[in-house]
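Numbering (the working numbering), first residue to last: 3 to 154.
These aren't lab readings, by the way, just hints derived from the structure by calculation.
For glycine and all other residues, C-beta sits at the position ideal for the given N, C-alpha and C.
Each hint should be verified, as a subset may be incorrect.
[What the hints assert, rightly or not] Derived pair list, reagent style BS3-like, types lysine-lysine, alpha-carbon separation capped at 25 Å:
no., residue 1, residue 2
1, K112, K27
2, K42, K59
3, K42, K84
4, K75, K85
5, K112, K84
6, K75, K42
7, K47, K75
8, K112, K75
9, K85, K42
10, K41, K85
11, K112, K42
12, K85, K47
13, K41, K19
14, K41, K27
15, K59, K47
16, K19, K59
[Said to hold, decoys possible] Derived CB-CB ranges, DEER-like:
no., residue 1, residue 2, range
17, D92, K19, 41 to 49 Å
18, K27, G148, 15 to 23 Å
19, Q113, T78, 35 to 43 Å
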Amino acid sequence: MRITIVAVGRLRSDPEKSIVEHFSKRITWPVEFREVEIKKNLAAKALKQQEGALLLKNCPSGPPIVALDERGKEITSRTFAKKISDWQDDGIGDLTFVIGGAEGLDDVVKQRATETISFGRLTWPHMLVRGMLVEQIYRAQQIIAGHPYHRD
């Protein structure tokens with residue numbers, strides 16, 4: 003399984019970057035990060051639309067797109083692992099995750115997504131969501147492998 007994470011904003015030398023690097027190194031699947039930015043000072047709606055277009059432009063064509071959005075479906079780590087495992091069983095070798103910016107994801111991104119999931123109803127900083135996602139991908143890989151990292 004090849005994973006592409008397309009996200010708004012660039013990770014700097016922050017604690018979030020350390021978390022992303024830590025779990026990225028532990029994942030045995032190839033993980034590619036594509037960071038996009040709009041440097042213009044725009045109104046929230048226009049910014050969200052431009053970020054959405056840029057996110058989709060940077061998504062590989064073909065693989066399923068999983069959007070992360072606070073209004074998405076809340077799932078467990080086991081359900082997340084099962085979805086990835088099912089895609090693998092169906093012969094899908096690539097998967098794309100999309101993380102919006104501070105304004106969230108534009109509707110065009112959510113409409114294009116195969117799945118829209120949430121890490122709960124709380125609002126999370128988009129930079130922190132990257133670390134949470136990478137940890138959940140690692141956790142899913144361990145669940146699929148039968149490793150005891152995950153505890154119910």
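Verification of the hints:
{"no.": "1", "hint": "K112 / K27", "verdict": "violated, 29 Å"}
{"no.": "2", "hint": "K42 / K59", "verdict": "holds, 18 Å"}
{"no.": "3", "hint": "K42 / K84", "verdict": "violated, 40 Å"}
{"no.": "4", "hint": "K75 / K85", "verdict": "holds, 13 Å"}
{"no.": "5", "hint": "K112 / K84", "verdict": "holds, 21 Å"}
{"no.": "6", "hint": "K75 / K42", "verdict": "violated, 32 Å"}
{"no.": "7", "hint": "K47 / K75", "verdict": "holds, 23 Å"}
{"no.": "8", "hint": "K112 / K75", "verdict": "holds, 12 Å"}
{"no.": "9", "hint": "K85 / K42", "verdict": "violated, 37 Å"}
{"no.": "10", "hint": "K41 / K85", "verdict": "violated, 35 Å"}
{"no.": "11", "hint": "K112 / K42", "verdict": "holds, 23 Å"}
{"no.": "12", "hint": "K85 / K47", "verdict": "violated, 32 Å"}
{"no.": "13", "hint": "K41 / K19", "verdict": "holds, 21 Å"}
{"no.": "14", "hint": "K41 / K27", "verdict": "violated, 30 Å"}
{"no.": "15", "hint": "K59 / K47", "verdict": "holds, 18 Å"}
{"no.": "16", "hint": "K19 / K59", "verdict": "holds, 24 Å"}
{"no.": "17", "hint": "D92 / K19: 41 to 49 Å", "verdict": "violated, 33 Å"}
{"no.": "18", "hint": "K27 / G148: 15 to 23 Å", "verdict": "holds, 21 Å"}
{"no.": "19", "hint": "Q113 / T78: 35 to 43 Å", "verdict": "violated, 25 Å"}
Hint compliance for this structure: hints 1, 3, 6, 9, 10, 12, 14, 17, 19 are not met, and every other hint is.
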